[in-house]
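Chemist: Listed below are the residues making up each chain.
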Amino acid sequence: MPIKEELYFVPPAKLRIDRVSKSFATRSGTLQALDQISLKINEGDFICLVGPSGCGKSTLLNIIAGLEKPDSGETLMDGKPVTGPGRERMVMFQEPALFPWLDVLKNVLFGLKLKPNLNNKERREVAQFYLRLVGLEEFAHANIHELSGGMKQRAALARCLAPNPRVLLMDEPFAALDALTREQLYGDIQRIWAERKKTIVFVTHNVREAACLGNRVVLFSPHPGRVREEFRIDLPHPRDINSVELAKYASRITRALKGYENSPGTEMAE
Amino acid sequence: MKRVLSSIIFFVALVAIWHFVVLTGWKPRVLLPDPFAVGEYLKASLMDGTIFQASKVTLWRLFTGYGIGIILGIPLGMLTAKFRFIEDTVGVLALGLQTLPSVCWVPLGIMWFGQTEATMLFVVIMGSLWSVTISTDNGIRNVPPIFARAARTMGAKQFYTWTRVILPASAPFILSGMKQGWAFAWRSLMAAEIFVPILTGFGLGQVLQYGRDLNAMDQVIGVMLVIVIIGLVVDKVLFSPIERLLHRRWGTGKA
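In order, the protein sequences belong to chains U and Z.
Counting in the numbering used here, the first sequence runs from 1 upward without gaps.
Counting in the numbering used here, the second sequence runs from 1001 upward without gaps.
For the record, the hints were derived by calculation from the structure and aren't laboratory data.
We put the beta carbon where it would ideally sit given N, CA and C, even for glycine.
Treat the hints with care, as some may be off.
DSSO-like cross-link-like pairs, simulated, lysine-lysine; straight-line CA separation at most 27 Å [unchecked claim]:
1. U/Lys80 - U/Lys40
2. Z/Lys1082 - Z/Lys1236
3. U/Lys69 - U/Lys40
4. Z/Lys1157 - U/Lys14
5. Z/Lys1157 - Z/Lys1002
6. U/Lys80 - Z/Lys1157
7. Z/Lys1043 - Z/Lys1056
8. U/Lys69 - U/Lys4
9. U/Lys69 - Z/Lys1157
10. U/Lys40 - U/Lys106
11. U/Lys4 - U/Lys197
12. Z/Lys1157 - U/Lys115
13. Z/Lys1002 - Z/Lys1082
14. Z/Lys1157 - U/Lys106
15. U/Lys14 - U/Lys121
16. U/Lys80 - U/Lys121
17. U/Lys113 - Z/Lys1157
18. U/Lys14 - U/Lys80
19. Z/Lys1157 - U/Lys121
20. Z/Lys1043 - U/Lys69
21. Z/Lys1082 - U/Lys113
22. U/Lys40 - U/Lys113
23. U/Lys248 - U/Lys80
24. Z/Lys1043 - Z/Lys1236
A few chain Z residues that don't get close to chain U, going by computed Cβ distances all over 10 Å [said to hold, decoys possible]:
25. Leu1014
26. Asp1048
27. Ile1068
28. Thr1089
29. Leu1097
30. Leu1100
31. Leu1108
32. Ile1146
33. Arg1164
34. Ile1230
35. Leu1246
Could you put together the complete structure from these sequences and hints?
Modeler: Structure representation (structure tokens):
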């Protein structure tokens, strides 16, 4: 039964970022977005990249995704260099980026259609499985504009999970949502991470969010983008964003961030 | 039901005003026939098949030329959106020719193709092609780049991304270009048929012109009505369902 195989957990991948640098040409000169970044990400890590805007954390995510090429250095997935985008590394963006001409189910099917060794019936089953996982099974045939912001991000998450990637790359996926919806999604993403065993790289500028989700929180500083410090969050999942222990971690991280910022960082505050 | 009723009342009132103007004797009846005379003409020409035959000839020209315009226009718009060089050359040409009323092509068409169907198709293609090209180009440029990025991460290659993401995402723009192209094609074909007697087929424009030559204004007005009705029907049958579908998907167009 290939469908069982398909839904079987694939082992999470490990990533190695090896001295990655990237600069952009801007009107006022070159901007060093990333400067010799090295980072080891283990199988099944939930790693949050935190830093003010302009620190290159999204650029790094795009490089891991294969959507952008570094000027120097390389990214390795299980020892193999990343040369372009691939199904084993799915990206979830800040905007849901769902296709408005397709209904929810067909959006989830989009990535599956490109996956070989499945027939259409199996693809539908897989898509429905993931819609159930994110709690949208009743909205399979809804149009995108009929969904709320939170539901759109759930649908986007289902679309990312459907090809069964080994790494999930998330670029501030909850930044545009209201606080209540966001808290629900924190619960969901922790549950899905535990159930589906993915390596997750999560970019955010929200310190509490990072402390709530990650087992590792990596701090970046801007101009040029560098890794400054790493925190291990040794709290059991699932975590409640409002818990006191979590607040302690968050304030330590915030202090560290403020320490190496030249200008007072207003952006750090939730 | 209420909307249908208000439509009906409006048009009945319009015909009544027309009849009233005729009764005032503003123009002799030879020049301004009353609604009943036009009705008589339409009835007779429907019975003897004149209108049916002419509509068939006209619609064949229209749909063939328009179809070619779309088949050429969409890929052309994709090319101008994709390649800077083509944008700077063909794109500028398309923009220029779109502003040219396509009836201006009639004299050249006659000289190049003679009094043949080719002249008619040429004028219709010139009328629709550029609108479709420009709106396709415009639509593609308005596709959020994140759509293509999302598709790439899901493993879509160039061709798949173009056919399954970029083209559907530009559908609202392409449709509005197709509507404009249709309107331009319809106008220019009528102009061409009025100007150019074509021996291979007798279209609606030619029936209208024939009416003028015979000083039969009931025929002229009758044919004008037929032209309007065909335009309305095409809009309702061809474009409205697609428009409704797009509005439903995108969640747009709600008052």
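Chemist: For every hint, state whether the structure bears it out.
Modeler: Going down the list of hints, with the structure as the test:
1. U/Lys80 - U/Lys40: Measuring from Cα to Cα gives roughly 14 Å; hence the hint holds.
2. Z/Lys1082 - Z/Lys1236: 33 Å, violated
3. U/Lys69 - U/Lys40: The given pair, whose Cα atoms are some 19 Å apart, holds under the 27 Å limit.
4. Z/Lys1157 - U/Lys14: With a Cα-Cα distance of about 26 Å, the restraint between Z/Lys1157 and U/Lys14 holds, given a limit of 27 Å.
5. Z/Lys1157 - Z/Lys1002: Not OK: Z/Lys1157 and Z/Lys1002 at ~51 Å, beyond 27 Å, violated.
6. U/Lys80 - Z/Lys1157: Status holds; Cα separation ~21 Å.
7. Z/Lys1043 - Z/Lys1056: Given pair Z/Lys1043, Z/Lys1056 holds - Cα atoms ~17 Å apart, limit 27 Å.
8. U/Lys69 - U/Lys4: 36 Å, violated
9. U/Lys69 - Z/Lys1157: With a Cα-Cα distance of about 17 Å, the restraint between U/Lys69 and Z/Lys1157 holds, given a limit of 27 Å.
10. U/Lys40 - U/Lys106: Measuring from Cα to Cα gives roughly 36 Å; hence the hint is violated.
11. U/Lys4 - U/Lys197: 16 Å, holds
12. Z/Lys1157 - U/Lys115: Holds, because 12 Å separates the two Cα atoms, which is no more than 27 Å.
13. Z/Lys1002 - Z/Lys1082: 48 Å, violated
14. Z/Lys1157 - U/Lys106: The given pair, whose Cα atoms are some 18 Å apart, holds under the 27 Å limit.
15. U/Lys14 - U/Lys121: 32 Å, violated
16. U/Lys80 - U/Lys121: At roughly 33 Å apart (the allowed maximum being 27 Å), U/Lys121 and U/Lys80 break the hint.
17. U/Lys113 - Z/Lys1157: 13 Å, holds
18. U/Lys14 - U/Lys80: 10 Å, holds
19. Z/Lys1157 - U/Lys121: Holds: Z/Lys1157 and U/Lys121 sit about 23 Å apart, inside 27 Å.
20. Z/Lys1043 - U/Lys69: Not satisfied, since the Cα-Cα distance of roughly 72 Å exceeds 27 Å.
21. Z/Lys1082 - U/Lys113: OK: Z/Lys1082 and U/Lys113 at ~26 Å, within 27 Å.
22. U/Lys40 - U/Lys113: 32 Å, violated
23. U/Lys248 - U/Lys80: 38 Å, violated
24. Z/Lys1043 - Z/Lys1236: 24 Å, holds
25. Leu1014: Since the minimum Cβ distance to chain U is about 39 Å, Z/Leu1014 lies beyond 10 Å and the statement holds.
26. Asp1048: 47 Å, holds
27. Ile1068: 26 Å, holds
28. Thr1089: 27 Å, holds
29. Leu1097: Holds, because the least Cβ-Cβ distance between Z/Leu1097 and chain U comes to about 30 Å, which exceeds 10 Å.
30. Leu1100: About 33 Å separates Z/Leu1100 from the closest Cβ of chain U, which puts it past 10 Å; holds.
31. Leu1108: 40 Å, holds
32. Ile1146: Per Cβ check, Z/Ile1146 is inside 10 Å of chain U; nearest 5 Å; violated.
33. Arg1164: 8 Å, violated
34. Ile1230: 30 Å, holds
35. Leu1246: 8 Å, violated
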